[in-house]
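**Student:** Residue strings, one per chain:
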Amino acid sequence: MKPFDPKAQLNDVLTSLPPSGIRKLFDIAAGMDGVISLGIGEPDFITPWHIRNAGIHSLEKGRTQYTANAGLKELRAETARYLRRRFGLEYGPENILITVGGSEAIDLTMRAFIRPGDEVIVPQPSFVCYGPLAALAGARPVYVELKPEDGFKLTPDALKAALTPRTKLLVLPFPNNPTGSIMTAAELEAIAEVLRGTDVMVLSDEIYGELTYTEARHVSIASLPGMKERTVIVGGFSKAYAMTGWRLGYAVSPVEVNAALTKLHQYAIMCAPTTSQYAALEALSAGDNDIEEMKREYNYRRRFIVKGFNDLGLNCVMPDGAFYCFPDISSTGLCSDEFCRRLLEEQKIALVPGNAFGRSGEGHVRVSYAYSIEHIKLALAGIQKFLDSLIP
Amino acid sequence: MNDIEILELLDKDSALTAADIAVMLGKSEDEVKAIIDRCKAEGIIVGNKVMINWRKTDRELVTALIELKVTPQFGRGFDQIAERFYQYDQVKSVYLMSGTYDLALQIEGKNLNEVALFVAEKLAPMEAVVSTATHFVLKKYKEDGIMFEEAEKDDRQVMLF
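Protein chains in written order, with the working numbering: chain C, 4 to 395; chain W, -3 to 157.
In short, the hints are calculated from the structure, not lab data.
Ideal placement from N, C-alpha and C gives every residue a C-beta, glycine not left out.
Treat each hint with caution, since some may be false.
[Claimed, not checked] DSS-like mimics (lysine-lysine), calculated; alpha carbons at most 25 angstroms apart, straight line:
1. C:27 - C:10
2. W:106 - C:380
3. W:8 - C:380
4. W:36 - W:88
5. C:231 - C:76
6. W:23 - C:298
7. W:106 - W:149
8. W:8 - C:310
9. C:298 - C:388
10. W:88 - C:310
[Claimed, not checked] Label pairs and their calculated CB-CB ranges:
11. W:149 - C:336: 19 to 27 angstroms
12. C:62 - W:56: 41 to 49 angstroms
13. W:11 - C:13: 51 to 59 angstroms
14. C:49 - W:48: 23 to 31 angstroms
15. C:55 - W:153: 15 to 23 angstroms
16. C:388 - W:137: 36 to 44 angstroms
17. W:76 - C:52: 27 to 35 angstroms
18. W:153 - C:13: 24 to 32 angstroms
Isolated chain C (complex conformation) (with noise of 0.2 angstroms):
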């Protein structure tokens, strides 16, 4: 009798998604002692303290049973509150599915629409899930290649162009991960022209919209007419409020869409984690000015890091959302995977290679700016190094 193999017995689809080539990297740069990193993607603030003081006041208080499917009540109308107050989003808590996660409301969205055989349109660069998720769900990705000369946006033509009639779902992943990238009212409202009269839905992530630094806050398509009936919004804790460790977000939806996410992550999840819920209650009702504070110390980062980078030689567009610049290497000669791997065996500093977020970001490094200017300092004096050495 042969051996049995467990691994013969997977998901075809999961086994064939190729391997992060990221993790290798970094697998190299846990290894090694002393590594200067702009490489995360996660607030180095931690959860302020009102916030983290709520959930353990929950906990004093015994709150420690399941939830409502859907969330605590009182967090999804806060949350209605909050999307109003914020972003003049009109929603109700019948709307609001509180999940594990913004993460969690992409594999739902992507699940409860994909029929086999669908497509997805999945801008890029971008995140690393969303084309994953659709292909686990019986979709096949098809990727639409942002360019800087566009300034990595989403254009309607590019859209229309990968528009077919097996369209299910266009994911929106703006405020953009790793490009920085937003869509303002007017570029929005372009492509809400073009998904005027079709039956795509969109899945707006809109995990970054709290960190904008341009004068006009985060629109979202919801906003826009005859979208909010096509639209799921994903939304989330993690970056507003630094809350990455409570593992909770949401999804915004028409009712009947909220009712089927809401049956999916009952079947799956039950809940979102209740401590977590009662925190975040806390932070939506009075962290406000949490978000300023955050925002205002990633906004000096930000100017201060786009400034090294072009002061390097390797040019960088200033972005104007999330905590993100990504900085053209293309002037070097090297790859992004061979820019990163050098740089960080010869000068011990690790950045992520923007090819990692999708074809379209070969030529690019992602550069996360949740790090203090002092830390920053000494990663740029680095990568000045590493430019030097470099030349012949």
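Given chain C, put chain W in place with the hints provided.
**Tutor:** Here is chain W on its own, set in the frame of chain C:
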């Protein structure tokens, strides 16, 4: 341009240079320098300090907070008395307070005895002083917004996101 924003940045980290601040705010270095110079000239920026946790060094140091009840001087209120206190090098801070006492002093010395003697010999006998209460600081947890006992370290996991 907002002076307050520059002052807040320096308040958090006095080691920031005008060049750094200029980049962080998207202004020119000359503009920032001019504001800092003016703030110094106008007595808005009155000094630069580094925060040190002396407990982690060999230096002997005790800190005491002294509550003082005093009789104000005719025509000059508390200012003249306060001045008599703050001229001493041992006196690190002097505040005029609302509430059950008038002045709060922070005093530093090598040991308890030195501080106690200073209070007994220099402060208490002053004419205007009605009473004193000395409280020794046993441990500093946080000062001027800086935590003293928790080293900040970055323990974020290496993740893609």
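**Student:** For a quick check of understanding: which of the numbered hints are violated here, in increasing order?
**Tutor:** 2, 7, 9, 10, 11 and 17
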